[in-house]
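A.B. asks: As a plain string of letters, each chain reads:
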Amino acid sequence: MSVLARIASPDVRDWGERLALPFAWLVTIVVFGFLRPDTFLTSDNFFINILGTQAVQVALALALVIPLVAGEYDISVAANLTLASMIVALLNVDHGVNIFLAILVALAAGAVIGIINGGLIVGLGINSFITTLGTSSIIAGVVLWISESRTVGGISSGLVDNVIIGKLFGIPYSFWYVLALSVAMFYVLEYTPLGRRLLFCGRGQSVARLSGLSVGRLRWGAMVASGVIAAAAGVLYAGTTGSADPASGLNFLLPAFSAAFLGATALQPGRFNPFGTIVAVYFLATGITGLQQLGVDTYVQQLFYGGALVLAVALSQLARKRQALDFNPTD
Amino acid sequence: MPPALSLEGVSKRFGGVHALADVDFEVAAGEVHGLLGENGSGKSTLIKILAGFHEPDEGSLQINGRPVSLPVPVSRFREYGLSFVHQDLALLPTLTVVENLRTGLIAGGNGVRFISWRAETRRAREIFARYGVSIDPRATVGDLRPVDRALLAIVRAIEEVRAEHDGLGILVLDEPTVFLPRAEVEHLFELVREIAASGSSVLLVSHDLEEIREVTDRVTVLRDGRVVGTSTTATTSEAQLVEMIIGRELLDFSVDKGDANAGDAARVEGLSGPGVDDVSLAVGVGEVVGLTGLAGSGFEAVPYLVFGAWPAGRGTLTIGDQTLNIAGMLPRRALREGIVLIPGDRQRDGAVLPLSVADNVTLPRLPQFWSGLRLQRGSMRRETDRLMDEYDVRPAGATNEYGSLSGGNQQKALLAKWLNAEPRLLLFHEPTQGVDVGARQQIFGTIRDSAANGASVLCASSDHEQLAAICDRVLVFGRGRIAGELTGADVTKDRITERCYRAATPAEAA
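If you're matching them up, the sequences are chains A and Y in order.
Residues are numbered in our numbering as their position in the first sequence, beginning at 1, plus a constant of 46.
Residues are numbered in our numbering as their position in the second sequence, beginning at 1, plus a constant of 1.
If we strip away everything but chain A, and leave its shape as in the complex, we get (with noise of 0.2 Å):
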């Protein structure tokens, strides 16, 4: 089966709730279009600005689908990205080491948060969400201290122009990246063992150990997994504004989660999905950015962020009769 038929089948009654998100950005595309048709689908704009520029965004909440779909919290991702944005300016520009070294540290990095959340909740049995709220202000801490509270800038183009500025189909690499990203998360999810069992173990920690699943290792692994997601993620953050500052980027958290929720309404309801995500955080990225070229106050933004957040989520649990959406059954 192909791809699109996995994501179109095997339920045709509930076509119209998996295309309902996606419907709904490509309204928001077409009314913004008519509304603003000199500015709003320009390739400066639609192109670059939302979709590559976004692209950190979509970074971050696809390290989030990880461990949500094994059931676990990861609070610390946007402190991660702050922390990779920060080690490869920091690298790069204040010690002069090689852009490629600088990124594989700032990813051996990330990995190594997820090795200590995931340490920390499946070898103590702290719960997902205060461990990573605690390791997020730590890493924050961190993070001021190593950058002496400074913004670092100058990073070296060959990032920038591997992550904005080099385009293909008109598109920056950037949104390129997180589209192979989420091709390569949808196939682990869905076409391999270890997806399956991520799902059994976010779903049923129980059924998941009764049948034989190791599933301390799947939830330190999704820990770690999300770790160096968001670790890229700040890379391209880097990459994006050729600086790192060490305050910004946590200001991705929220949104990200928005999105992953967002998305779990969307392609495949009920389930956190990587096309989803995408799909989310564009749709929102989409209506802010239209908002903001019809000169609406800020107010409004922020109304239809969490407007559409709550509204979205409501309609697909009433289409699933109210049945709540099983968004974190850990237990």
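There's no promise every hint is true.
[Stated by the list, open to error] Using C-beta positions, here's what the derived DEER-type ranges look like: (1) Y:Gln241 with A:Gly169: 54 to 62 Å; (2) Y:Thr141 with A:Leu190: 50 to 58 Å; (3) Y:Trp311 with A:Arg263: 15 to 23 Å; (4) Y:Ala453 with A:Ala230: 47 to 55 Å; (5) Y:Arg334 with A:Val158: 28 to 36 Å; (6) Y:Phe54 with A:Ala230: 49 to 57 Å; (7) Y:Trp311 with A:Ala230: 33 to 41 Å; (8) Y:Glu270 with A:Ile192: 37 to 45 Å; (9) A:Asn297 with Y:Phe15: 54 to 62 Å.
Simulated from the structure, these hints should not be mistaken for laboratory data.
No residue lacks a Cβ here, since even glycine has one placed at the ideal position from N, Cα and C.
Fit chain Y to the given chain A structure using the hints.
C.D. replies: Quick look at chain Y alone, frame taken from chain A:
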């Protein structure tokens, strides 16, 4: 003096079944009254009617001679002097003893007012002293010994009504002792007698004949929703009680020990863990061995401990020519040795309801469907369809949500999930719980077929009819140990039930 509690002509039907039929029954003032009966005898329905949970179809209730309308609303229990202690005790384990003791005070009245915990602690000490109970009011309930928790729940229940009824009340104890070690139950009996001696009445629901004989003044036995009789405990023998409970006299209580056929396909030795203490047993090739007992006897822990689903303290499992330490057992390891567990709680332990039947059934065997590049979803579906056909799961359809199947079909799908791997040792817990009659027969057939194909089966169940239908041998547990064994022609429903009651008696537990 009117009886403390008097029920007349109480009937309750569920669908077409009479759970209670014209039940009359009295608890005198100041007496400890026992209520006995098998599972399904109507005992719990009767308690639930008293507790305001069910509304009876017919019948009336009088408390201290005053008519009271049924069902009794929970808000009026205190007014009538009724209080209940259920098996779960309804204590909050993270709070202190005094906070638990005074939940009535905390819950009632105005929400914002000063509570002097110093005064409450002093009062709690006085109350405990009055009942001869030694519990530290400042201790956290979760840290108390199980028996102290039960004592606390009982003291709380009786104190709450006494405050308003000049020291009188009706206390209903619904199997409060099933999880307690025998030695500690004595404290509880003393408290119960203390309460009765001070003029209150106690209705004690229990499975335990010895307990009933030791502590009650009179006893009422229910069977098939009817009152078999009420008699004075002191003049009723244990044999008479058993006869009242199961409805006919058992001519011979002796049981053949040992079994020529007890092979060593699998042998458990010295198994100790939550609920069981030093249990040893063996299952032969092709043999189905039942594990049973009354609630709290520990029989149901054995499959979970052997499989490594619950952590065991001690014990070894010899299977084939290997000896494994059960204390370090993991489900993964057990599965590698060809051991499978079909758990009693399907929804929690058996399968993930919102996922498809194919997803659930293929979970333990995913590597078989891995092509090196991707999972072969087509063959996963076809294989599931084949299994569903073989195990007669209806409606067929591998992509159906598992949770959309009926209980019986869910269980058949679970059998398909596990039996296809041709396990050496099969562990069941309540294999036909929540399963319709037709599926029940099919599941019996499947279990017997597995045995016929050379598997060894351990089946923990409190369904004695089921055990009689499928087991070659039945081990009866009492207080965490094997207290008896039934073989051959003795494996009948009545025999098993009778043994269960006797297993709770220490003299029999030798």
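A.B. asks: Indicate, hint by hint, whether the structure satisfies it.
C.D. replies: Quick rundown of the hints versus the structure:
1. Range check, Y:Gln241 to A:Gly169: about 58 Å between beta-carbon atoms, so the 54 to 62 Å window is met.
2. In this structure, Y:Thr141 and A:Leu190 break the distance hint of 50 to 58 Å, their C-beta atoms being roughly 40 Å apart.
3. In this structure the hint that Y:Trp311 and A:Arg263 lie 15 to 23 Å apart at CB holds, the actual value being about 20 Å.
4. Between Y:Ala453 and A:Ala230 the CB atoms are about 48 Å apart, so this pair conforms to the stated range of 47 to 55 Å.
5. A hinted range of 28 to 36 Å for the beta carbons of Y:Arg334 and A:Val158 is consistent with their spacing of about 31 Å.
6. The hinted range of 49 to 57 Å is satisfied by Y:Phe54 and A:Ala230, whose Cβ atoms lie roughly 54 Å apart.
7. Under the hint 33 to 41 Å, the C-beta atoms of Y:Trp311 and A:Ala230, about 38 Å apart, fit the expected range.
8. Range check, Y:Glu270 to A:Ile192: Cβ separation about 58 Å, and the 37 to 45 Å hint is violated.
9. Distance hint check: the CB atoms of A:Asn297 and Y:Phe15 are about 58 Å apart, consistent with the given range 54 to 62 Å.
Hint violations for this structure: numbers 2 and 8, all remaining hints satisfied.
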